[in-house]
Amino acid sequence: DTEVTQTPKHLVMGMTNKKSLKCEQHMGHRAMYWYKQKAKKPPELMFVYSYEKLSINESVPSRFSPECPNSSLLNLHLHALQPEDSALYLCASSQDEAGRAQSSYNEQFFGPGTRLTVL
Amino acid sequence: GENVEQHPSTLSVQEGDSAVIKCTYSDSASNYFPWYKQELGKGPQLIIDIRSNVGEKKDQRIAVTLNKTAKHFSLHITETQPEDSAVYFCAASIRGGGADGLTFGKGTHLIIQP
Numbered sequence: 004d005t006e007v008t009q010t011p012k013h014l015v016m017g018m019t020n021k022k023s024l025k026c027e028q029h030m031g032h033r034a035m036y037w038y039k040q041k042a043k044k045p046p047e048l049m050f051v052y053s054y055e056k057l058s059i060n061e062s063v064p065s066r067f068s069p070e071c072p073n074s075s076l077l078n079l080h081l082h083a084l085q086p087e088d089s090a091l092y093l094c095a096s097s098q099d100e101a102g103r104a105q106s107s108y109n110e111q112f113f114g115p116g117t118r119l120t121v122l
Numbered sequence: 084g085e086n087v088e089q090h091p092s093t094l095s096v097q098e099g100d101s102a103v104i105k106c107t108y109s110d111s112a113s114n115y116f117p118w119y120k121q122e123l124g125k126g127p128q129l130i131i132d133i134r135s136n137v138g139e140k141k142d143q144r145i146a147v148t149l150n151k152t153a154k155h156f157s158l159h160i161t162e163t164q165p166e167d168s169a170v171y172f173c174a175a176s177i178r179g180g181g182a183d184g185l186t187f188g189k190g191t192h193l194i195i196q197p
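Keeping their order, the protein sequence lines are chains A and E.
Basically our numbering = 1-based index in the first sequence + 3.
Basically our numbering = 1-based index in the second sequence + 83.
In case anyone wonders, no lab produced these hints; they're calculated from the structure.
There's no promise every hint is true.
What the hints assert, rightly or not - List of simulated lysine-lysine pairs, DSS-like, C-alpha gap at most 30 Å:
no.	chain 1	residue 1	chain 2	residue 2
1	E	K105	A	K56
2	A	K44	A	K56
3	A	K44	E	K105
4	A	K44	A	K25
5	E	K154	A	K39
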């Protein structure tokens with residue numbers, strides 16, 4: 004299995020709703036990522052998990068709450084979002100072999116994304 | 084932090100011709116440079132990457148070159164085909180061997196004219 008899957012594909016929510024985005028990979032990768040992509044813009048890093056621990060948080064508002072229950076799963080819990088949070092949310096994964104400078108272990112593989120609309 | 088500049092923003096070429104997309108980066112510590120292709124409604128797909136110890140890498144019709152001194156790298160696509168039409172992103176990363184986010188360029192919309 005060489006793919007990253009994300010559910011749901013589309014999500015519409017109100018500003019008072021609570022919802023979750025899910026991401027799964029079975030490539031044995033130990034690093035997982037959330038990116039946000041607005042229309043006609045590049046992906047922007049939100050969070051990085053390494054060995055199920057949060058290692059990077061790019062100053063993301065607390066209404067976005069990541070969770071990594073195990074090495075194959077990554078969730079993004081959403082609460083009290085704003086219309087400007089509407090975007091494509093991308094999950095990615097990679098191996099994580101810190102200390103190996105000459106390796107292919109940072110190749111990041113992306114899922115298809117969840118298209119989020121906040122009304 | 085790292086800053087990646089990408090040019091051009093739009094590139095239109097005749098089918099069969101070559102396409103070149105250029106990127107520059109700011110942080111000399113960056114050592115991993117992937118290129119992604121993104122089609123409408125899909126996630127980015129890794130098409131080729133290069134590490135700082137290599138100057139050039141080829142994979143069939145696609146090649147990437149890296150000039151560490153000048154801090155720029157380029158994507159070359161030869162014999163372009165209609166299915167090459169997409170948005171292409173360059174990116175850079177500091178921790179080439181560990182979990183690290185990617186900093187992306189703004190993207191190039193490549194249009195292959197039949």
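Original post:
Which of the numbered hints are not met once you compare them with the structure shown?
Top reply: 1
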